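**Student:** Sequence:
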Amino acid sequence: MDNRPALIGIMLTDPEAAEKMNAALHEYRDYIIGRMGIPCRDMGVSLVSIALSAPQNAISALSGKLGSIKGISAKTITHRVPEKQ
Numbered sequence: 002m003d004n005r006p007a008l009i010g011i012m013l014t015d016p017e018a019a020e021k022m023n024a025a026l027h028e029y030r031d032y033i034i035g036r037m038g039i040p041c042r043d044m045g046v047s048l049v050s051i052a053l054s055a056p057q058n059a060i061s062a063l064s065g066k067l068g069s070i071k072g073i074s075a076k077t078i079t080h081r082v083p084e085k086q
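The sequence shown begins at 2 in my numbering and counts up one residue at a time.
Hint data in this document are derived by calculation from the structure and do not stem from the laboratory. Certain hints may be false.
[What the hints assert, rightly or not] Straight-line Cα separation of at most 20 Å, EDC-like style, residue types lysine to aspartate or glutamate; simulated pairs:
#1 K71 x E28
#2 K71 x D31
#3 K66 x E17
#4 K71 x E17
#5 K66 x D31
#6 K76 x D15
#7 K66 x E20
#8 K71 x E20
Note that the structure is a prediction, hence the values are computed from the model and not measured.
Model the full structure from these sequences, guided by the hints.
**Tutor:** What follows is the structure, encoded as structure tokens:
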């Protein structure tokens, strides 16, 4: 399968969920090309951005796994790279 670029934006509202989030990210570590986390302590949330290069099924699986964790909201953006002629 062809890899495509993707971004997953994560809003972590429960610090207890961080361990489960990190376990999910570790499972897909071969596809992760960048990660940035920003704690917004005054608002009680952490914002995490994950950049991926992965097949669509892996992107969907990771996003779904993250979104199923209580205390996390995740949204995904993907881009289909045109085939080279």
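**Student:** Which of the listed hints are broken here?
**Tutor:** 2
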